[in-house]
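Going down the list, the sequences are from chains A, B, C and D.
Using the numbering used here, read the first sequence as starting at 1 and increasing by one per residue.
Using the numbering used here, read the second sequence as starting at 1 and increasing by one per residue.
Using the numbering used here, read the third sequence as starting at 1 and increasing by one per residue.
Using the numbering used here, read the fourth sequence as starting at 1 and increasing by one per residue.
Just to be clear, a hint being listed does not mean it is correct.
Unchecked claim - A few chain A positions that, by computed beta-carbon distances, are all more than 10 angstroms from chain C:
#1 SER251
#2 GLU310
#3 ILE437
#4 PRO443
#5 TYR474
#6 SER600
To be verified - Below, computed lysine-lysine pairings styled on BS3-like, alpha-carbon distance capped at 27 angstroms:
#7 A/LYS320 / A/LYS299
#8 B/LYS302 / B/LYS206
#9 A/LYS320 / A/LYS290
#10 D/LYS94 / A/LYS540
#11 B/LYS132 / B/LYS93
#12 A/LYS481 / A/LYS382
#13 A/LYS540 / A/LYS382
#14 A/LYS382 / A/LYS138
#15 A/LYS156 / D/LYS134
#16 A/LYS215 / A/LYS156
#17 A/LYS173 / A/LYS205
#18 A/LYS382 / A/LYS448
#19 C/LYS54 / A/LYS319
#20 B/LYS206 / B/LYS93
#21 A/LYS290 / A/LYS319
#22 A/LYS215 / A/LYS481
#23 D/LYS242 / B/LYS128
#24 D/LYS94 / D/LYS60
#25 C/LYS54 / A/LYS404
#26 D/LYS60 / B/LYS132
#27 D/LYS242 / A/LYS156
#28 B/LYS128 / B/LYS93
#29 A/LYS173 / D/LYS60
#30 D/LYS55 / A/LYS173
#31 C/LYS54 / A/LYS481
#32 A/LYS540 / D/LYS55
#33 B/LYS93 / D/LYS94
#34 B/LYS132 / B/LYS243
#35 C/LYS54 / A/LYS320
#36 B/LYS284 / B/LYS177
#37 A/LYS215 / A/LYS138
#38 D/LYS60 / D/LYS134
For the record, the hints were derived by calculation from the structure and aren't laboratory data.
All values derive from a computational prediction rather than experimental measurement.
The beta carbon of each residue, even a glycine, is placed where N, CA and C say it ideally should be.
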Amino acid sequence: MKRSPAKMLAVLLALAFLLSGCASRFERLEDVSSALYIAEVASSFPQTFMPWFSRDGVAPTISSMIYSTLLSYDDITDTYQPNLAAEWAYLDRQGQPLITADGRVDYARLEEEYSGKDTAFISVRFALNPQATWSDGKPVTVRDIVFTFDLATNQKRSNHAGALVWANDLMHKYDQNTGRLRRQGIYTYDTGANEAGYPVSEAEKDHVFYFEVSKVLGAITPLVSTILVLPEHIYGSLVSIEQPINNTDPSPELRHAYENPVGCGPYQLDRANTNSQEIVLTRRADYHLKAPDGGALYKVDVLKFVLFQEINVAIYALKKGHVDVLDASVSANYARLFEHEPGISLFSAPGIFAQTLVINLNPPPERMNAMREQLTNPLLRKAIALAIDQDTLIGYVLSGRGRKVPMGLVREGVLHNPQADLIQGPMEERLRQANEILDSLYPDKDDKGYRLSSGSRLSFQVLGSPGEQDMINYLQVLLQKIGVEVRYAPKGNSPENTYLYGGNFDMTLQGVSFTPANVDIMMNAHYCNLNRSSNYGRLKDEQLNARIASMRTTLNREYKYQLVQEIEELAAAHYYKLPLYCQDVLSAARTDRFTGWVVSPGVGAFNMDSLSRLTPSGQKGR
Amino acid sequence: MSQDALLLVEGLKVIFPTDAGIIKAVEGIDLAIHPGECLALVGESGCGKSVSSLAILGLLGTPPALVRAQTIRFDGQNLQALNEQQMAQIRGKDIAMIFQDALTALNPVMSIGRQLDEVFLKHCGMNKSQAKEASIEALRAVGVSSPAQRYRQFPHQLSGGMRQRVLIAMAFAASPKLIIADEPTTALDVTIQMQVLEELRAMQRKSGTALMLITHDLSVVNYLADRILVMYSGKIVETGPVKQILKRPAHPYTEGLLTSVPRLDTCNTRFYQIPDQVPNPMNKPSGCHFHPRCSHAGELCKQTVPSLRSLSPQREVRCHFPLQKGEGGDSQHA
Amino acid sequence: MRTTRRKNNLLAMIWHHPQGQVGLILAGLLVFAAVAAPWITPFDPYDVTQRAEKGLAPGWPHLLGTSISTGQDIFSMLIYGARVSLLVGIVTGLAIAFLGAFMGILAGYGGRFWDTLIMRLVDVMLVIPTLPLTIVLTNLFGKSYGMIIFIFTIFGWVGLARVIRSQVLVLKSSNYIKAAQLAGASRRYIMFRHILPGVSNLLIMSTALTSAGIMVAEAGLSFLGLGDPTAISWGKMLAEAQSGGALLFGHWWWIIAPGIGIFLSVFAFMRIGLALEEVFNPRMKRSGMLLRLFKSINGSYIQEVFDAMDDRPETDEAGKEAAP
Amino acid sequence: MRKGYVLERILYTVFIFFIVITLNFFIPRIGVEDPAERYYPPQGNLTDTEYSIIKQLTRKQYGFDVSGWQQYLRYLSQLSRGDLGTSLQAGSPKVSTLIAQRLPWTLVLSLSNMLISVTLGLLLGTSAAWNRGKFADRALMNASTVMTALPAFFLALVFSLYMGFEWGWFPAYTEPDMVASFDWSWRAIAQVARNAALPVISMSIGGVISYAQGTRNSVIAVSQEDFITTARAKGMSTRTVKYRHVLRNAMLPIVTSLGMSVSGLIGGSVVIEQIFNWNGMGTLFLTANNTNDYPLMMGIMLFLSSFALLANLVTDLLYSLLDPRVSAGGGRR
């Protein structure tokens with residue numbers, strides 16, 4: 001009797017919860033329209049869509065759908081596809097396009113034309129697609145291009161926007177301190193193209209423009225394929241030196257522009273349905289690119305990006321049918337989960353990042369110690385490289401879902417150099433070689449391994465994130481076989497306590513990816529630049545530096561690729577970044593509403609290619 | 001004689017079973033209080049006197065206590081046969097209690113006015129405003145200064161003497177027939193003690209209420225009581241009229257109690273102390289419980305429990321070797 | 001004197017307390033597991049060569065299966081996890097007892113200045129959100145168990161110091177301290193000879209209870225990934241189970257196993273703490289035991305007790321008649 | 001007298017608040033000489049000039065371009081305008097805006113947790129105390145010794161595993177459209193209830209038990225007080241004694257612990273929010289931590305501390321209303 005109120009309350013609460021549990025229903029399962037539900041794994045969604053803002057999380061994906069670049073670049077084939085720019089060409093000294101008969105870039109003539117020393121830059125001509133419009137209906141004109149690239153080169157007005165780095169090779173230069181234009185490098189009808197010797201007719205004045213870029217082959221790719229073009233009619237009046245575009249405290253007008261993006265990409269933001277958990281994009285009917293049959297290039301009307309904090313949640317949502325596709329790679333451990341699941345396909349694409357073991361071979365004097373001193377010896381590094389059995393690592397760490405990487409770190413394509421793979425042969429033989437080297441270096445050996453003359457054991461720490469601990473443990477086992485000890489050491493989660501830039505570590509892990517598009521920048525970053533770049537172990541080799549410099553500046557593409565291959569060999573001989581494996585990209589998508597998913601190297605099931613091939617499967621969701 | 005007693009208790013026993021053993025708190029006591037009479041229950045702390053009074057009123061929690069009695073009769077009613085609700089009707093109305101420490105005996109978060117009101121509301125059928133008037137009047141009657149103001153105050157805002165007066169006012173509120181006063185003045189300063197005792201006696205005289213006074217302080221007994229009941233270790237060891245017992249104690253324990261009271265008329269420089277401590281209630285000595293501390297004890301005392309023997313019509317003692325023979329006491333009284 | 005004698009057979013006193021016995025046995029088992037982990041585990045979870053197929057169900061030889069993410073033997077991880085839990089729990093418990101006693105006694109007996117200062121500090125500490133600050137601090141100073149112990153100690157002394165202070169205030173007004181003061185004992189002497197022994201029971205008891213609390217907190221921090229990333233702890237096991245897909249795969253054993261570890265260690269120390277509380281403070285005895293006693297003593301025995309109180313039959317008559 | 005007490009408490013709270021603000025200013029500056037070292041944007045292939053520009057800008061952005069004292073004063077004036085700073089998240093949202101977005105969702109969890117814990121705890125605790133030693137009491141005491149050793153996040157995982165994944169009674173993770181599509185319709189409210197079920201249950205089990213145990217012990221302790229005997233001796237009915245005399249006094253320690261749970265109301269659900277993917281302050285904080293968003297972290301810290309302070313103040317004042325002894329002098333502690 002006395003406990004009845006407590007009991008009643010408990011029963012009521014339980015009932016309330018149970019009843020509410022019955023009301024469960026899911027939007028996607030009832031959605032018959034052509035809307036794709038995409039699970040995004042991120043801690044939060046951006047509320048603003050200034051394309052230059054953020055390179056983290058979902059923002060780049062969304063931005064690339066709302067905005068467009070001048071051209072699209074295909075890493076693998078090293079070719080450009082038109083986007084905002086319908087056509088483009090390097091120009092010879094007379095202003096004639098350097099194009100082969102089949103419409104490709106004529107690299108041979110380019111080299112011929114520009115290799116001399118009498119000119120400081122290459123001229124490039126672009127013609128915009130006249131069909132291209134902004135999502136508010138205004139046409140995309142050369143004014144937008146001028147505004148965008150002018151802004152990107154002016155640090156005073158753009159703050160440290162992401163565009164800063166990529167606009168480096170444009171000859172358009174501003175004074176860092178005054179923000180005044182020092183050298184013009186962009187020309188249109190209105191900004192003196194004809195006067196500068198770049199002919200633009202009256203009829204083309206809204207579509208034709210010229211760039212002057214550094215005399216390197218790598219100059220054009222980042223400019224045309226990474227910088228998203230901004231609408232001049234929106235931002236032109238808002239941005240100034242006082243109110244730079246990438247601003248931590250934007251004016252209300254600027255903020256409004258950030259939050260309500262006007263882009264020229266295939267999709268536009270559906271502000272009404274977008275919120276902190278869901279970003280909704282709708283397809284623009286007037287998008288300038290069309291499918292070969294004249295229909296819409298992308299088959300999906302609506303994209304709903306749904307935010308999940310954690311990959312497990314997203315996988316659960318996919319399994320439950322809350323979403324169509326996961327825009328994140330799935331761990332190999334989860335492959336089993338999808339194998340027998342009807343309506344879900346698991347895709348496997350080769351990865352593009354080679355995981356490497358970086359050895360600190362040149363620590364600053366204050367970071368030097370006895371162990372690190374050993375690592376400066378390439379023979380020791382070679383012994384370590386010999387002992388790394390990629391097959392074992394792929395088997396254990398990736399459950400077999402990965403591929404081997406040669407010493408040159410480039411696995412296939414135009415840059416691949418089979419000669420760079422210095423280490424080959426059966427493992428037993430390699431271990432024997434390794435021990436031979438070590439025996440000659442360290443006469444003091446017991447059953448546990450080698451010792452220095454000081455008596456301390458040959459032992460190194462490998463700095464890694466907690467997720468990499470397991471892999472390092474396997475490395476430990478592999479190197480144990482040749483009597484070298486490595487141990488996991490946790491790295492902090494902020495740059496300052498990762499110790500990487502100060503060279504305060506023995507070894508660490510790093511992903512490396514060299515592609516024709518980035519090889520200019522990345523080879524420099526990985527092997528030359530000592531200042532806060534990816535060259536953690538501070539490799540310094542004059543010959544290599546020179547080779548990379550000429551690789552960056554040559555205008556001969558064949559020669560450039562040849563140089564790249566030589567660099568691969570040179571770098572491999574340093575035994576500096578030792579390849580561990582290349583992890584496959586696993587992705588999963590539901591096939592009950594859409595079929596036609598495709599994957600390509602390094603990319604999961606959700607990609608623009610898939611979007612242009614998806615077809616509704618006709619049957620409603622479960 | 002027991003027929004006309006206001007309260008008659010026979011064979012009251014209280015035990016507390018605990019993990020370590022059974023505490024025998026009260027081992028069968030008999031007592032009778034007549035209307036208007038003041039009976040003093042005297043003994044050291046832990047002898048079971050407070051427990052007895054609580055047991056009579058049914059205020060002991062069961063558990064932890066177990067209470068047995070042959071008779072608990074009040075005003076012709078068998079209290080043992082009453083349920084909790086009926087007992088509540090008797091408590092406060094017919095039998096009221098005054099507690100030792102007024103600070104802890106008053107609810108700290110209720111104004112004293114409201115605590116007083118409760119009695120009038122419950123037992124006197126008054127409404128709230130009547131109760132308030134009656135409470136203020138009651139406060140005034142026990143000598144609380146500016147009672148209307150005190151009415152609103154909380155216990156911690158009053159002095160010790162004032163609080164005790166409040167308790168007295170509360171006890172007398174419903175004009176009960178019997179008041180059990182458990183060490184009413186122990187917690188007070190000596191000067192305040194006198195004032196409070198004065199008040200208590202005046203109130204008792206005025207209303208003709210019977211008073212059961214529980215104390216260890218013989219001077220208080222001397223001041224208020226008519227009859228004495230000395231308890232030791234759960235048993236009554238001596239009863240009789242106050243004057244006789246104070247003058248001629250028959251039990252060595254009573255004598256000890258008397259000698260330990262500081263007196264102005266004698267020149268003892270040191271107080272007499274009864275040796276040792278009160279016996280462990282869980283493991284009491286065999287025979288007479290007092291024998292380990294008794295200077296007169298013999299072999300008999302260690303083995304046989306002495307029974308309560310009559311010394312004179314009004315006096316009884318539980319001792320194998322009483323100090324006084326019945327006649328002496330009797331003649332004194334006569 | 002009395003307290004020292006008590007302390008000598010403290011273990012015995014806990015042992016004789018039914019609840020404490022459970023606690024002692026469990027704690028003993030856990031300590032054994034922690035110390036003997038390398039010998040009693042079938043696999044060494046730190047050794048990658050001893051890993052099995054990922055995501056095995058419980059069976060032989062993997063009693064509790066293997067983890068999905070690494071293929072480590074869950075049973076062995078469970079045993080090894082005791083090390084972290086016990087180490088952090090006990091060390092922090094002791095550190096808190098030390099700091100709490102110091103601060104509490106200083107506040108209670110160090111004079112007005114210290115009292116005000118420490119009590120203000122206590123007020124500030126109580127307001128600061130502990131978990132977020134812990135997260136910030138581990139971020140700043142790196143993740144290690146030393147750091148966790150330090151942070152727990154910094155935040156943990158507050159409650160204990162307050163209790164100790166009020167106990168000291170009670171002691172201070174007690175007669176024997178006053179007597180010692182009158183006798184001219186120095187403050188330091190009184191502090192160490194009288195006050196410290198006076199609060200020692202409280203300290204011993206709270207050390208056990210704080211240790212239990214710290215074990216839960218440590219598991220929570222490890223769960224959030226703030227513990228030593230190289231060590232195997234129960235909290236981290238739970239975090240790995242969550243992030244590694246135990247829920248998706250329905251591998252309940254991977255979640256239950258560390259949960260049992262946490263439960264047993266916390267339970268053991270709580271039992272010991274509560275037993276100490278009751279041993280030191282018999283008034284705290286739980287009513288449930290009393291009542292069970294009521295029931296276990298049969299009615300006739302109670303009756304005997306009551307009967308035995310009566311005066312002997314031969315004298316009884318006399319007494320009855322003599323009664324007025 | 002009472003006014004004086006209120007004023008004293010308020011002044012004291014302000015004083016502590018000031019200390020907390022100052023601490024909040026200094027903690028993120030521990031060991032930071034140059035914020036550019038700590039917070040500079042993701043690595044790229046920067047040239048030296050670019051890097052030096054970025055450093056300068058970062059310093060300015062964090063206000064490290066002026067001396068320490070000026071930074072402190074600037075911080076104070078910024079706070080006085082109610083500005084908690086600007087997050088490093090894309091789009092530089094205001095910390096206060098982010099908190100305002102997440103706060104209601106955390107409150108949904110913690111308030112229902114508190115409501116359930118307190119009501120059920122009080123009911124169970126008092127009924128156990130009235131029936132001391134009987135079955136209900138012993139069941140509660142046994143449950144409490146077991147449940148206090150089971151941390152809430154473990155329960156949360158177990159519930160999530162069974163009630164969420166295996167049996168599908170409740171969403172194992174917060175449905176992503178819950179926040180997005182919330183519009184105060186019954187459907188939306190039911191959805192919130194459904195999603196909040198598991199987090200709230202796993203949080204409140206411990207809460208109910210500890211409140212029940214606290215209430216029980218408090219009620220039993222008060223029942224043994226002298227004034228309860230007085231009340232019974234006055235002839236008060238059992239009911240009056242229980243509800244007017246015992247409960248009122250037994251509530252006092254409960255109010256204190258209630259105050260403590262209120263001050264932990266917002267910060268207390270970090271782990272649970274993380275497990276159930278609940279978009280509250282806890283996940284906001286963890287996100288800030290993972291992305292080294294110090295302005296956001298410190299803004300949240302300050303908000304939590306201020307909330308706790310306010311809760312403590314209200315508890316103190318409430319306590320003084322319930323217990324007349326407090327405002328007269330001394331303290332409740």
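So, going through the hints one by one against the coordinates:
1. No beta-carbon of chain C is positioned within 10 angstroms of the beta-carbon of A/SER251; the least distance is around 32 angstroms.
2. Its closest Cβ contact with chain C, about 7 angstroms, brings A/GLU310 to no more than 10 angstroms, contrary to its assignment away from the interface.
3. The claim that A/ILE437 lies off the interface holds: its Cβ sits roughly 24 angstroms from the closest Cβ of chain C, which is beyond the 10 angstroms cut-off.
4. Against the 10 angstroms criterion, A/PRO443 stays outside the reach of chain C, whose nearest CB is about 28 angstroms from its own CB.
5. Not every Cβ of chain C is farther than 10 angstroms from the Cβ of A/TYR474; the closest lies at roughly 5 angstroms, contradicting the non-interface assignment.
6. In this structure A/SER600 is separated from chain C by more than 10 angstroms, as the shortest Cβ-Cβ distance comes to about 27 angstroms.
7. Between A/LYS320 and A/LYS299 the CA atoms are separated by roughly 24 angstroms; this keeps the pair inside 27 angstroms, and the hint holds.
8. This hinted pair does not check out: B/LYS302 and B/LYS206 have alpha carbons roughly 48 angstroms apart, beyond 27 angstroms.
9. Between A/LYS320 and A/LYS290, the direct Cα distance comes to roughly 34 angstroms. Violation of the 27 angstroms bound is thereby established for this hinted pair.
10. At most 27 angstroms may separate the alpha-carbon atoms for a hinted pair to count; D/LYS94 and A/LYS540 exceed this at roughly 44 angstroms.
11. The straight-line distance between the Cα atoms of B/LYS132 and B/LYS93 is roughly 18 angstroms, inside the 27 angstroms bound, and the hint therefore holds.
12. Proximity of A/LYS481 to A/LYS382 is assessed by CA-CA distance (about 15 angstroms); at most 27 angstroms being required, the pair is judged to hold.
13. A distance of roughly 17 angstroms separates the Cα atoms of A/LYS540 and A/LYS382; the hinted pair therefore holds under the 27 angstroms criterion.
14. Between A/LYS382 and A/LYS138 the CA atoms are separated by roughly 60 angstroms; this puts the pair beyond 27 angstroms, and the hint is violated.
15. For the hint pairing A/LYS156 with D/LYS134, the CA-to-CA distance comes to about 78 angstroms; that exceeds 27 angstroms, so the pair is violated.
16. Between A/LYS215 and A/LYS156 the CA atoms are separated by roughly 26 angstroms; this keeps the pair inside 27 angstroms, and the hint holds.
17. For the hint linking A/LYS173 to A/LYS205, the alpha-carbon distance of about 23 angstroms falls within 27 angstroms, and the restraint holds.
18. Pair hint A/LYS382 plus A/LYS448 holds up; C-alpha atoms about 20 angstroms apart against a cutoff of 27 angstroms.
19. Distance hint between C/LYS54 and A/LYS319 is fulfilled; the C-alpha atoms sit about 21 angstroms from each other, no more than 27 angstroms.
20. Of the pairs offered as hints, the one joining B/LYS206 and B/LYS93 holds, with about 17 angstroms between alpha carbons and a cut-off of 27 angstroms not exceeded.
21. The hinted pair formed by A/LYS290 and A/LYS319 fails the criterion: a straight-line CA distance of about 34 angstroms is larger than 27 angstroms.
22. For the hint linking A/LYS215 to A/LYS481, the alpha-carbon distance of about 50 angstroms lies beyond 27 angstroms, and the restraint is violated.
23. Between D/LYS242 and B/LYS128 the alpha-carbon distance is near 21 angstroms, which keeps this suggested pair within the 27 angstroms criterion.
24. Restraint check for D/LYS94 and D/LYS60: satisfied, since their Cα atoms lie roughly 17 angstroms apart, inside the 27 angstroms limit.
25. A hinted pair counts as satisfied when its Cα atoms are at most 27 angstroms apart, and C/LYS54 with A/LYS404 qualifies at roughly 22 angstroms.
26. A hinted pair counts as satisfied when its Cα atoms are at most 27 angstroms apart, and D/LYS60 with B/LYS132 does not qualify at roughly 72 angstroms.
27. With a C-alpha separation of about 75 angstroms, the suggested pair D/LYS242 and A/LYS156 falls outside the 27 angstroms cut-off, and the hint is violated.
28. At most 27 angstroms may separate the alpha-carbon atoms for a hinted pair to count; B/LYS128 and B/LYS93 meet this at roughly 18 angstroms.
29. Distance hint between A/LYS173 and D/LYS60 is fulfilled; the C-alpha atoms sit about 24 angstroms from each other, no more than 27 angstroms.
30. For the hint pairing D/LYS55 with A/LYS173, the CA-to-CA distance comes to about 21 angstroms; that is within 27 angstroms, so the pair holds.
31. Between C/LYS54 and A/LYS481 the alpha-carbon distance is near 24 angstroms, which keeps this suggested pair within the 27 angstroms criterion.
32. Proximity of A/LYS540 to D/LYS55 is assessed by CA-CA distance (about 25 angstroms); at most 27 angstroms being required, the pair is judged to hold.
33. Restraint check: the Cα-Cα separation between B/LYS93 and D/LYS94 comes to about 69 angstroms, which exceeds 27 angstroms; the hinted pair is violated.
34. At roughly 42 angstroms between alpha-carbon atoms, B/LYS132 and B/LYS243 are farther apart than 27 angstroms, so this suggested pair is violated.
35. Simply put, C/LYS54 and A/LYS320 have alpha-carbon atoms about 24 angstroms apart, close enough for the 27 angstroms limit, and the pair holds.
36. The suggested pairing of B/LYS284 with B/LYS177 is violated, with an alpha-carbon distance near 36 angstroms, which exceeds 27 angstroms.
37. Pair hint A/LYS215 plus A/LYS138 does not hold up; C-alpha atoms about 35 angstroms apart against a cutoff of 27 angstroms.
38. The straight-line distance between the Cα atoms of D/LYS60 and D/LYS134 is roughly 68 angstroms, outside the 27 angstroms bound, and the hint therefore fails.
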